[in-house]
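Using the sequences and the accompanying hints, generate a full structural model.
Protein chains: 2
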Amino acid sequence: MKTHENLVSTYFPITANCSGEHNQLIRNTALIKRFRKDETILHGGKACSGLVAIVNGQLRAYIQSPAGKQVTLYRLYNYDVCVMSASCLIKNMQFDIHLTAQSDTTVLIIPTATIELINPVNPMFRQYTLDLLAQRFSDVMWTMEQIAFSPMPARIARFIADVANQNDEHSALLTHDAIAKELGSAREVITRILKYLQSEEIIKLSRGKITITDLRRLEELANQLSD
Amino acid sequence: MKTHENLVSTYFPITANCSGEHNQLIRNTALIKRFRKDETILHGGKACSGLVAIVNGQLRAYIQSPAGKQVTLYRLYNYDVCVMSASCLIKNMQFDIHLTAQSDTTVLIIPTATIELINPVNPMFRQYTLDLLAQRFSDVMWTMEQIAFSPMPARIARFIADVANQNDEHSALLTHDAIAKELGSAREVITRILKYLQSEEIIKLSRGKITITDLRRLEELANQLSD
Chain A
345 MKTHENLVST YFPITANCSG EHNQLIRNTA LIKRFRKDET ILHGGKACSG
395 LVAIVNGQLR AYIQSPAGKQ VTLYRLYNYD VCVMSASCLI KNMQFDIHLT
445 AQSDTTVLII PTATIELINP VNPMFRQYTL DLLAQRFSDV MWTMEQIAFS
495 PMPARIARFI ADVANQNDEH SALLTHDAIA KELGSAREVI TRILKYLQSE
545 EIIKLSRGKI TITDLRRLEE LANQLSD
Chain B
345 MKTHENLVST YFPITANCSG EHNQLIRNTA LIKRFRKDET ILHGGKACSG
395 LVAIVNGQLR AYIQSPAGKQ VTLYRLYNYD VCVMSASCLI KNMQFDIHLT
445 AQSDTTVLII PTATIELINP VNPMFRQYTL DLLAQRFSDV MWTMEQIAFS
495 PMPARIARFI ADVANQNDEH SALLTHDAIA KELGSAREVI TRILKYLQSE
545 EIIKLSRGKI TITDLRRLEE LANQLSD
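Heads up: the protein sequence lines correspond to chains A and B, in order.
Counted the way our numbering counts, the first sequence spans residues 345 to 571.
Counted the way our numbering counts, the second sequence spans residues 345 to 571.
Do not rely on the hints blindly, as some may be mistaken.
Just so you know, same-sequence chains aren't split out, so a pair can sit in one copy or run between any two.
To be verified - DMTMM-like, lysine to aspartate or glutamate: derived pairs with alpha carbons at most 25 Å apart:
1. 413 x 564
2. 525 x 440
3. 525 x 483
4. 413 x 563
Hints were generated in silico from the structure; no laboratory data involved.
Just so it is clear, the structure is predicted and the values come from calculations on it, not from any experiment.
Shown next as structure tokens:
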């Protein structure tokens, strides 16, 4: 129980500013949940669990076309809080976001029922939700700019650089299929561009792995915008 | 003055639920502003005027690449309220939205200074801002789905159908250039697709005007998603 309480104040520092009563309510109702790699947390409007803080692991938020084509909107890592999973609290939110675990992931959840008790009487909590929403909105706008303005090679370069960077390495374990899914493109398109990047000696391709051989040029390409 | 007060309660019905003091403050500080067609209201983070209600006319919100390529995010019509122009109130909003008048436009503004006085002590006003933000977020997500999943012919069909619909007509006054700007594409691409739609006898092209000859097939195309 002590550990649990510590988790709440660690992952939801907002609770330090809540009244004793609200603080206690959150601690009493917060849940720990574990998801396996590729497990679905939220599918369209089909779940509304509450505010989800990532204790460890990674969540991917994406949109999906009726035909199954996906585009990643943003990813959430340790200490990030997913507000979309509590979007039923926000009126007029009329779109379907999907959330899956990218690796085995542990989350701490303040359930919707708890938030619905606290929100109407706690302006600070509402401000917290508003700030989270604004943050995700910013994330989505960044992705939108990439899709609208970046040529595909730049988007691929950005994605490889980011994945390698997360792992603190000069390589990324990525299949052509995984990149296609990530960027909402066809595998053939991705393969052609990856081969081009290899011919330019920016990356080196091997089975399921991409090694960065010229990080400076990869970053240059990643920052390039189309006109 | 009487007219002005009426305007406030008409375009910001939220004020009916504000205290007498806040209500008076809003009425005393609200401004009427007029913008000419193509005039810029908001350019990146360069202005922060407040909550902007459209009294008549139309505002276009868009993002722009460094090279000047634009993609329309959403449009605001009579009675819509622009929350982005008050985004300085929302922390963590880290992107540049541009706003221009699409026609001569009259707006009613609750200035930022007023909102900053009311917001901290009025939870209803914050909820109002949150709802507006969620609504715009939904609009942007819709656009994102179009960009990510809709083939260009479907996007063009949707745009023509929407413009014609707004004017309650079977035609739209649109140049190929205007469509290209709207959808963030090249004029040549748009021209080729429009000619295809004409050859399919879905639309008829004349100088600066597109007439819909088969609304059913245009709508069908507009609703088509790529896979």
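So, going through the hints one by one against the coordinates:
1. 413 x 564: between (28 Å within a copy, 20 Å between copies)
2. 525 x 440: Intra 18 Å, inter 27 Å, cutoff 25 Å: intra-copy only.
3. 525 x 483: both (18 Å within a copy, 24 Å between copies)
4. 413 x 563: Close across copies (22 Å), not inside one copy (27 Å); limit 25 Å.
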